[in-house]
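In order, the protein sequence lines correspond to chains D and A. Numbering that gives the first Met the number 0 numbers the first residue of the first sequence as 0 and each following residue consecutively. Numbering that gives the first Met the number 0 numbers the first residue of the second sequence as 0 and each following residue consecutively.
The set of hints was computed from the structure by calculation and includes no laboratory data. Here the structure is a predicted model, which is why all the values come from computation and not from measurement. It cannot be assumed that every hint is accurate.
[Stated by the list, open to error] Below, simulated SDA-like cross-link-like pairs (lysine to any residue); rule was C-alpha separation at most 25 Å, straight line: (1) D:K194 to D:Q124; (2) A:K31 to A:N145; (3) A:K236 to D:K173; (4) D:K173 to D:E31; (5) D:K69 to A:R87; (6) D:K69 to A:S84.
[Claimed, not checked] Output of the computed footprint for chain A on chain D, the stretches with three or more beta carbons under 8 Å from beta carbons of chain A: (7) 127-140; (8) 200-206; (9) 220-226.
[Claimed, not checked] A short list of chain A residues far from chain D (calculated; beta carbon distances all over 12 Å): (10) A59; (11) A64; (12) L80; (13) G98; (14) D140; (15) S148; (16) T166; (17) A179; (18) E182; (19) S192; (20) A230; (21) L231; (22) T234; (23) K236; (24) P239; (25) K290.
Ideal Cβ positions, reconstructed from N, Cα and C, are used throughout, including at glycine.
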Amino acid sequence: MPPHEQPPKQPAVEINQVSYTYPPTGFDAQSEPAIDQVNLSIAQSTKLGILGPNGGGKSTLIKLILGILKPTKGTIKVFGQSPAQARNQGLIGYLPQRIQADLDWPISVKEVIALPRASHLKPWQKLSTDDHAAINHAIELVDLQDLANRPIGALSGGQLQRTMIARAIAGNPKLLVLDEPTVGVDIAGQQRFGKLIDTLHKELDLTVILVSHDMRAIAAVADRVACLSRSLHFHDSPKGLTPAVLAQVFAHDVAGVFGDIHIDAHLAEDCDDPAHAHPPNQHQHDCGCTENDSDINSSRGAES
Amino acid sequence: MNDLAPAILAAIFAAIVISIMGGALSVFVVLKRLAFIGQGISHAAFGGVGIALVLGVHGATTAGAIGQLAIVAAFSIAAALFIASLSRAHQGRIDTAIGVVLSASMALGFVLFTLAESKHDHDHQGHATHGHEDQHHLIEDILFGNILSTTWPKAATAIAVAIAIITITWFNRRRFIFWAFDEPVVDAYGLSSKRTTNTFLILLALAVVMAMQIAGVVLAAAMLVLPGAAALNLTSKLRPVFIYSILIGAAGAALGMAIGINAGYPAGPTIVLTQSILYLITLTIKTLAPKLRS
Numbered sequence: 000m001p002p003h004e005q006p007p008k009q010p011a012v013e014i015n016q017v018s019y020t021y022p023p024t025g026f027d028a029q030s031e032p033a034i035d036q037v038n039l040s041i042a043q044s045t046k047l048g049i050l051g052p053n054g055g056g057k058s059t060l061i062k063l064i065l066g067i068l069k070p071t072k073g074t075i076k077v078f079g080q081s082p083a084q085a086r087n088q089g090l091i092g093y094l095p096q097r098i099q100a101d102l103d104w105p106i107s108v109k110e111v112i113a114l115p116r117a118s119h120l121k122p123w124q125k126l127s128t129d130d131h132a133a134i135n136h137a138i139e140l141v142d143l144q145d146l147a148n149r150p151i152g153a154l155s156g157g158q159l160q161r162t163m164i165a166r167a168i169a170g171n172p173k174l175l176v177l178d179e180p181t182v183g184v185d186i187a188g189q190q191r192f193g194k195l196i197d198t199l200h201k202e203l204d205l206t207v208i209l210v211s212h213d214m215r216a217i218a219a220v221a222d223r224v225a226c227l228s229r230s231l232h233f234h235d236s237p238k239g240l241t242p243a244v245l246a247q248v249f250a251h252d253v254a255g256v257f258g259d260i261h262i263d264a265h266l267a268e269d270c271d272d273p274a275h276a277h278p279p280n281q282h283q284h285d286c287g288c289t290e291n292d293s294d295i296n297s298s299r300g301a302e303s
Numbered sequence: 000m001n002d003l004a005p006a007i008l009a010a011i012f013a014a015i016v017i018s019i020m021g022g023a024l025s026v027f028v029v030l031k032r033l034a035f036i037g038q039g040i041s042h043a044a045f046g047g048v049g050i051a052l053v054l055g056v057h058g059a060t061t062a063g064a065i066g067q068l069a070i071v072a073a074f075s076i077a078a079a080l081f082i083a084s085l086s087r088a089h090q091g092r093i094d095t096a097i098g099v100v101l102s103a104s105m106a107l108g109f110v111l112f113t114l115a116e117s118k119h120d121h122d123h124q125g126h127a128t129h130g131h132e133d134q135h136h137l138i139e140d141i142l143f144g145n146i147l148s149t150t151w152p153k154a155a156t157a158i159a160v161a162i163a164i165i166t167i168t169w170f171n172r173r174r175f176i177f178w179a180f181d182e183p184v185v186d187a188y189g190l191s192s193k194r195t196t197n198t199f200l201i202l203l204a205l206a207v208v209m210a211m212q213i214a215g216v217v218l219a220a221a222m223l224v225l226p227g228a229a230a231l232n233l234t235s236k237l238r239p240v241f242i243y244s245i246l247i248g249a250a251g252a253a254l255g256m257a258i259g260i261n262a263g264y265p266a267g268p269t270i271v272l273t274q275s276i277l278y279l280i281t282l283t284i285k286t287l288a289p290k291l292r293s
């Protein structure tokens, strides 16, 4: 890790007055902007969670950062360059929301992880020693050494996700973009995911952007939070995220939905270790992790 | 084999090279679930044949044959790209797009055939019964293929195009694998999914037109499905799948041609039948192997 005294680094992502409106899809369709005049500067090495309701423009923002969409208005810079340039230099790693890869493919875990690097080789080139080293390092970081030669279809859901994380980091990116990575994952799984991202963040000095509608998913990973509901409502440390802010973002009173949950260190510690089971009923309302412990242990057991 | 005419040797060679091409592409076709789009393209090609015929470009001369091939290829590529853009407009419902293009082209083809035929009748001022027979023969050749009556320039053209397709596929193999395996993410890794799709569809359309030279409109797509489907029964490893698929395609073509020539069967259907039998054998191996092992 670089010493803190260094002069402030250029932001990883600089979003300046960005709006995006999808082109109308039908004869009678009218388009409203999916995101509207967003300003956001993401410092290097932060782990930013972008929280927002479904349809709040989170996926659009990700596509803009990845350079798949171009802003209708405003500018985006990723490490001082256009998103497409940054992406094509391998500066961005991306984990999709749902894994839609075709698991019937006769392809091994390692081959999947190598795909981004391999697809940019000249036809007559082979993966270099550097490529292999980076791929193997990525495999080690997500702890898939034992499964590297397995066919992709033989993996469990969690192993598959780790494969896709390894694929995202195998190109040595400086920015890792995670789109709703823990949908349908219980809270202990989220915590485990948070730990993995934390390890990668430290090992690879990554800037991490995590997008989710789920506050717990954000809490498990992020040290900064931004709230997006078409426009940006909040951008600060998670501690400032009060029910009033959330009510504004989610457009209704969320206090009833989230109860007393605040994103704070206490919650993270409580759920840190799934094996450290709480007595039944206690804390269950707080983090819900006791309920699902048995699932987690059994899925772990299946992996080894 | 000394008594084989050069055209027959060229036909055998063309069948094998085109089957190698089919073997290489069919792995992608099967895994990317494009078998039906192959059918769509080959039937659309029928419309292209109709256009060539109305324009007076037909296979009687070498130049005509190659001109016809070019028109059919251009029409098929246009149909393939049209299917892709139509399916985007239908929110990815590619079956709707294929259904529309396939039937429209087939209908167009038949209408143009009749138009060309009536022109033909008119030119000769007579009943032209001979012309009618030719026409029906021609339609049968287009539908089911007739490689054994090919000429060597036509076979050489098909071989050259097939080799070009194989080469371009090899050049793009890693991109195609990434795209076919996980298309939704490739844009995020700097690979344009739209451009890759279009590149593959153009290659597929050309490949279908080459396969049509052997197996005709109705059976061409089979040559772009069977070898890959068979190979996938045998292995779950990336490189061997492609090798097996190419070997199965080539073996099917060689065997099919040998049987066809010696027994006097039509070559295209015999090749497709042989490849189908090879597929059934691999399916049996796949089903029985685990039971035998245990």
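Hint-by-hint comparison with the structure:
For the suggested pair D:K194 and D:Q124, the alpha carbons sit about 36 Å apart, so the restraint of at most 25 Å is broken. At most 25 Å may separate the alpha-carbon atoms for a hinted pair to count; A:K31 and A:N145 exceed this at roughly 30 Å. This hinted pair does not check out: A:K236 and D:K173 have alpha carbons roughly 32 Å apart, beyond 25 Å. Of the supplied pair hints, the one linking D:K173 and D:E31 is violated, its CA atoms being roughly 33 Å apart against a limit of 25 Å.
With a CA separation close to 20 Å, the supplied pair D:K69 and A:R87 stays within the 25 Å bound. For the proposed pair D:K69 and A:S84, the alpha carbon gap of about 21 Å is at most 25 Å, so the pair holds. Residues of the region 127-140 of chain D lying with their CB closer than 8 Å to a CB of chain A number 0, which falls below the three-residue condition for coverage. For the region 200-206 of chain D, the stated coverage by chain A is violated: 0 residues have a C-beta nearer than 8 Å to a C-beta of that chain, whereas at least 3 were required.
As drawn, the region 220-226 of chain D meets chain A at 0 residues by the rule of a beta-carbon pair under 8 Å; below three, the given contact is violated. No Cβ of chain D comes within 12 Å of the Cβ of A:A59; the nearest lies about 40 Å off, and the non-interface call holds. The beta carbon of A:A64 sits about 32 Å from the closest Cβ of chain D, which is more than 12 Å, so the claim that it is off the interface holds. Chain D leaves A:L80 outside its interface by the beta-carbon criterion, the shortest separation being 20 Å against a cut-off of 12 Å.
The beta carbon of A:G98 is kept farther than 12 Å from every beta carbon of chain D, the shortest such distance being approximately 21 Å. The claim that A:D140 is not at the interface with chain D holds, since no C-beta of that chain comes within 12 Å of its own (minimum 37 Å). At roughly 37 Å, the least C-beta separation between A:S148 and chain D is larger than 12 Å, which holds for a residue marked as non-interface. Non-interface call for A:T166 relative to chain D: violated, since the shortest CB-CB distance, roughly 9 Å, does not exceed 12 Å.
Distance to chain D contradicts A:A179 as a non-interface residue, since its nearest Cβ pair spans about 7 Å, not more than 12 Å. Not every CB of chain D is more than 12 Å from the CB of A:E182 (nearest about 8 Å), against its label as outside the interface. At roughly 9 Å from the closest C-beta of chain D, the C-beta of A:S192 falls inside 12 Å, breaking its exclusion from the interface. A:A230, annotated as away from the interface, has a beta carbon of chain D within 12 Å; the closest lies near 9 Å.
Against the 12 Å criterion, A:L231 falls within the reach of chain D, whose nearest CB is about 7 Å from its own CB. Distance to chain D contradicts A:T234 as a non-interface residue, since its nearest Cβ pair spans about 6 Å, not more than 12 Å. Taking the minimum C-beta to C-beta distance to chain D, about 6 Å, the non-interface status of A:K236 is violated against the 12 Å cut. With a closest Cβ-Cβ approach of about 8 Å to chain D, A:P239 is found to fall inside the 12 Å limit, against its non-interface label.
Distance check for A:K290 against chain D: the nearest CB is about 20 Å away, which clears 12 Å, and the non-interface claim stands.
In summary, the numbered hints that this structure violates are 1, 2, 3, 4, 7, 8, 9, 16, 17, 18, 19, 20, 21, 22, 23, 24.
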